[in-house]
Every structure is written in structure tokens, then in C-alpha cells.
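S.K.: With the hints as constraints, model all of the structure from the sequences given.
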Amino acid sequence: MGFLKKIVVSGRGLVVALPYLWLLLFFVAPFLIVLKISFSDVDLAIPPYKPLLEWTAKNAVAVKLNFNNYAFLFTDELYLKAFINSIKVALVSTVLCLLIGYPMAYGIARSRPVTRNILLLLVILPFWTSLLLRVYAWIGLLKANGVINNILMSVGLIHEPLVMLYTQFAMYVGIVYSYLPFFILPLYANLEKMDWQLLEAAQDLGCKPYQAFYKITLPLSRNGILAGSMLVFIPAVGEFVIPALLGGPNALMIGRILWDEFFSNRAWPVASAVAILMLIMLVPFMMWYQSVQARESAGSR
Amino acid sequence: MNERRSFFVITCLAFGFAFLYIPILSMVVFSFNASKLVTVWDSVNSPTLKWYHVLFSNEEILDAAWISLRVAVVNASGAVVLGTLAGFGLARFEQFRGRFTLNAMTTAPLVMPEVITGLSLLLLFVALEETIGWPAGRGITTMTIGHMTFSMAYATVVVQSRLASFDTALEEAAMDLGARPLKVFFVITLPIIFPAILSGWLLAFTLSWDDLVISSFTSGPGSSTLPMVVFSKVRLGVSPEINVLATLTIGVVTLMIVGVSLWMARANRLAKAI
Chain V
1 MGFLKKIVVS GRGLVVALPY LWLLLFFVAP FLIVLKISFS DVDLAIPPYK PLLEWTAKNA
61 VAVKLNFNNY AFLFTDELYL KAFINSIKVA LVSTVLCLLI GYPMAYGIAR SRPVTRNILL
121 LLVILPFWTS LLLRVYAWIG LLKANGVINN ILMSVGLIHE PLVMLYTQFA MYVGIVYSYL
181 PFFILPLYAN LEKMDWQLLE AAQDLGCKPY QAFYKITLPL SRNGILAGSM LVFIPAVGEF
241 VIPALLGGPN ALMIGRILWD EFFSNRAWPV ASAVAILMLI MLVPFMMWYQ SVQARESAGS
301 R
Chain G
302 MNERRSFFVI TCLAFGFAFL YIPILSMVVF SFNASKLVTV WDSVNSPTLK WYHVLFSNEE
362 ILDAAWISLR VAVVNASGAV VLGTLAGFGL ARFEQFRGRF TLNAMTTAPL VMPEVITGLS
422 LLLLFVALEE TIGWPAGRGI TTMTIGHMTF SMAYATVVVQ SRLASFDTAL EEAAMDLGAR
482 PLKVFFVITL PIIFPAILSG WLLAFTLSWD DLVISSFTSG PGSSTLPMVV FSKVRLGVSP
542 EINVLATLTI GVVTLMIVGV SLWMARANRL AKAI
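For the protein sequence lines, the chains are V and G, in the order given. Count the first sequence with this note's numbering and you get residues 1 to 301, in order. Count the second sequence with this note's numbering and you get residues 302 to 575, in order.
What the hints contain is simulated information worked out from the structure, not anything from laboratory work. Heads up, the beta-carbon is just placed ideally off N, CA and C, and yes, glycines get one too. Hints may be right or wrong, so weigh each one.
Said to hold, decoys possible - With the C-beta cut set under 8 Å, the calculated list includes, among others, these residues of chain V facing chain G:
| id | residue |
| --- | --- |
| 1 | Arg12 |
| 2 | Leu18 |
| 3 | Leu122 |
| 4 | Pro126 |
| 5 | Tyr136 |
| 6 | Val147 |
| 7 | Phe240 |
| 8 | Met278 |
| 9 | Gln290 |
Stated by the list, open to error - A partial selection of chain G residues facing chain V, derived with a Cβ cut-off under 10 Å:
| id | residue |
| --- | --- |
| 10 | Leu383 |
| 11 | Gly384 |
| 12 | Thr402 |
| 13 | Asn404 |
| 14 | Met406 |
| 15 | Leu411 |
| 16 | Ser421 |
| 17 | Leu527 |
| 18 | Phe532 |
M.R.: This is the structure in C-alpha cells:
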């Protein structure tokens, strides 16, 4: 890579400076502002919060930090419940994605190249179609006079429509459905690089197929599983659209609480405090994801 | 390699794809349903294009679609420039100051819950307006900036992985023959990564076109995007025009994906032939 060293001196700085500064300004700096506003008081003004810094009578600046918003979040049971429920929902959805997605990714990776490309396209296609519209499709399937109830009633399996829409069940269906491609794709990318001769060798040496899977395939695909799980778990914790459309009025999800605090109650400082707590919880997972990604790309070189 | 799939795996594939496609197909089918009840098939008057006419005479939806289209095009073009620069830097420069930070900043938006990104961008725009007077209010500009910030991360990943998958021999050869770095980039590197740049553009376009959460936070009065209008309609229940909109979206996406992948397969064969 000798020639690249030359760019270092001249253009290298310029190349990375633009995206670097952009992300610093529009992705990192905003978090500092969220942090700041999470410490300010709610105010009936535009914007609806009080400044942190105030000029006092003696021409000195007084910093008024207050932890009221955080105290409020910890004393009101609603928020704690929402946090716990969000983690539970995200965790269960991730496990469901693993159970459905692993055999699929495995099946795709073990197909002939032509079949493999077609199946891969079929996974990517929903991923490119609007999430909102795909979640909307489930309303039509799950509602009282929806497709599933109509079919079940016409074959006589049930006599009254099942209540499925606006329940926890509908929310799980929506999340697993929407995030499944995010799980399959990184896992497939990992399995595709697998040396399947290892499995044949194991079987030649007397290993049963399920043992070979358990002892060879599963450990070797660990990074793919982790990457896929993070891509499902982290955004699912803060998911808003799916609980709002499928989950019904009492589906307590933290993303939805943040949205309502912000848009309905105009409580910007409370919404900011919710965002900060969510970040504190999720940042370790994001760092884990990044290190998994780094290991994956180092392994593929 | 031979196909080595057990009965179990094939069953899982069949059920998995049924799960992924039944909702999509149901929207396509019911978009031709005459009944206003959407999911109750009116076999007397269906199939019909009635709701297609309704959709195309709905001013609110058309206006929103026009705003979405403008935002998505500007966003995709900007995101792909930023993403190509970042992806090139991360894939080709081994060590530079800030490499770790840049890597983290381009990975985090991929997983960051949108409500957090949306809220923080809005608070930034409000704070900027208060201190330097820009941006004056919120609207299409702030929304585009918001979209670029998260979609450039996707563009970066696409470009970076393309660059990582082909070796630097061609670039080095051109350098040895005396080409300057900038020329090498435009004559050698850019044509090779062009498929990635194109798919990065399309991905950024789609992300912006579909985005609801970040748009809701960063838009202003009179700049409602298509997903925002759809969301407010869908919240009130099913509506037949939305099935039509979904069918059209699926049609366009399918054509686009199939077209691009055929074209990329050809480009890959050519690249291998060189």
C-alpha cells in the first residue's frame, strides 16, 4: 500500500474531513444538546425549556443544573415499566428472529449460486420496501374482520374473530417481521464464508449431523449471530412506529413514551432525559456491535 | 458446491418466505378490491382500479409525495458523496487520526433508535437558530440534513465493503506508471466502485423516501412527507388508497432491485475479466 502513503500528506486529510465534520456536527454534537436540555426546566415558552445558564445580578453566570427530570422518570412507575417492557420486547423479538432467521440464512448459504442469489434478493426486497407500509399490511391481516380471521372463520376453526390487533402479540409479529431481514443478511454474509468441508470431515470421523452443526457451524457463525442480534435488538428497544400502529394504547414502549412526551406533552426536557437514559443503556451494545464488525472484517481479509 | 439442505431447512425457508411475502401480497391483492372495507373481498365489482384513481386525485398525498421526492433526491446525492469519501478513507487509509471516531460515527447511525436521532437533530436545529439564526425555522432543508446524516452511514458501509473486496493492485500499477492520486481515483477507483455508489444512492433514496420518525421531528409546517401523511391516515385504521400506494412502491422497488442486481452481476463479470 506504498502509494497510499503519498495521499496521506496531500489529500488524505481533505477526503475524510468532510464526512468527519458533518457527523461531528449533526450526529455527535446534538447529543450534547440533548444532555444539556435534559437538565433544564420545562417552560411554557418557545422553545419549551429554560436556559441552563443565567446572568445573575452580580454579572456572574449561574449554572442551574437540575435533576428533576431524571428524578421524575425514576419515581413515576410508568417510565420504569416502559423501559423494562422495551428491553423484554426487544430481547424476545431478537430470539424469535434467531429461531426463524438462522435456518433461513443457513438454507440460503447452502444453496446453489443461482438459487442463492434469487433467495437473497427475496430477503432484500422487503428490506427496501417502506417499513410503514409493511407494518400497515399487518393491520389488514390481524384486525377483527381481517384476512386471518376471515379465513379461520370460513373454514370453521373459530366462530368469533380472535382479538389480535392492538395486542402485545401483534407488536411481536410486527417487530419480528420488520427486523427479520436485518438478522438474516449479516448472518448469511458470515455463513457464506464458511468452509463446508469441515462438516464433511466431521461426519467422516463419525460426528452426527446435529453434533457437527452444534460443534462447528454454530461456533463459527458466532459473529454473524451477534451482528444480526445487535441490528435487531438495539433499534427494537427504541422502536416507535410498530408499537404505535399495532401495539394498542397501552403498549408501553420507551420510544413511544419519548414521542408522546415530545409531541403531545411538549415536555422537551423530559423527552431528552428519556433519550439520555436510553442511550446510556444502548451505548455498550453499540460498542459491542462495532467490535464484532471489526472482527468480522479482520477475519475476512 | 452441491445443494446440501435437509428437509427441515427447506421447510423453514418456505415458511420464512411465506411470512415475509404474505403481507406484501395481501396489499397487492386488496389494492384491486372494490369494497371500502379493504379486507372483505367484493367479488361482484372486483378487480377494479377504483382506488388507483382515488389515490391519484388525492392532492394531499400527491403534494406530500412531491416533497418526499425532492428531499430523497437531494439527500441521496449528498449522502453518496459523504459516504464515498468516508468509505474510501476507512477502506484505503490504514492509519489516520480520528479513524476510530469516524468508524464509530458511521456505524452508530445504523443501529441508533430513530427517536433519539430525530429528537437530537431537532434540538440541535433549535439551538442553532437561537444562537446563529440559521436554520430559520424547520422544513425541507433541516429534514434533508437529518436524512443525510443517517443515510450517509449506509452509503459508507456499501462503498467501504466494495473497496475492501477488490485489491489495490490496479491502483498501485497506475501509480507506478506515474498517475497522480486524484487521477487514479477518477480513472481507476471510481469506475470499479461505481456499482456500489449507485446502490448507495438508491439505498439512501429509499431510506429517505420511507422515513417517518426523523422527518416528523425535523420537518416544519407545510412540509409533510408522504410517510407522515400515510402514518396519520393509517393511525385511523385501514384505508384502500394505502394498499394502492404500497402496490406501486413494491412494483418500483422490485423493478429497481432486479434491474440493479442484473446490471451489477454483469459489471462483476466484467471486473473479473479484466
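S.K.: All the hints need checking, so say for each whether the structure fits it.
M.R.: Status of the hints after comparison with the structure:
A distance limit of 8 Å between C-beta atoms decides the matter here; for Arg12 of chain V the minimum to chain G is near 6 Å, and the interface restraint holds. For Leu18 of chain V, the suggested interface contact is upheld, since its CB lies about 6 Å from the closest CB of chain G, less than 8 Å. For Leu122 of chain V, the shortest C-beta to C-beta distance to chain G is roughly 6 Å, which falls under 8 Å, so the interface hint holds. With 8 Å as the threshold, the beta carbon of Pro126 of chain V comes within range of chain G, its nearest partner Cβ sitting at about 5 Å, so the hint holds.
About 5 Å separates the beta-carbon of Tyr136 of chain V from the nearest beta-carbon of chain G, less than 8 Å, and the hint is met. The beta carbon of Val147 of chain V comes within 5 Å of a beta carbon in chain G, closer than 8 Å, and the hint placing it at the interface holds. Proximity of Phe240 of chain V to chain G holds as hinted, the smallest CB-CB distance being about 5 Å (cut-off 8 Å). With its C-beta approaching chain G no nearer than about 6 Å, Met278 of chain V sits inside the 8 Å limit, and its interface hint holds.
Proximity of Gln290 of chain V to chain G holds as hinted, the smallest CB-CB distance being about 5 Å (cut-off 8 Å). Checking Leu383 of chain G against chain V by beta carbon gives a least distance of about 5 Å; that is within 10 Å, so the hint holds. With its C-beta approaching chain V no nearer than about 7 Å, Gly384 of chain G sits inside the 10 Å limit, and its interface hint holds. For the restraint placing Thr402 of chain G at the interface with chain V, the shortest Cβ-Cβ distance is roughly 7 Å, inside the 10 Å limit, so the hint holds.
Interface hint at Asn404 of chain G: satisfied, since its Cβ lies 7 Å from the closest Cβ of chain V, which is below the 10 Å cut-off. At about 4 Å, the closest approach between the beta carbon of Met406 of chain G and any beta carbon in chain V falls short of 10 Å, and the interface hint on this residue holds. Among the interface hints, the one on Leu411 of chain G holds; its C-beta lies about 7 Å from the nearest C-beta in chain V, closer than the 10 Å criterion. Against a cut-off of 10 Å between C-beta atoms, the interface hint on Ser421 of chain G holds, since the closest Cβ of chain V lies about 3 Å away.
Interface hint status for Leu527 of chain G: upheld, as the beta-carbon distance to the closest one in chain V is roughly 9 Å, under 10 Å. Interface restraint check for Phe532 of chain G: the shortest CB-CB distance to chain V comes to about 6 Å, inside 10 Å, so the restraint holds.
Against the hints set out earlier in the document, no violation occurs for any number.
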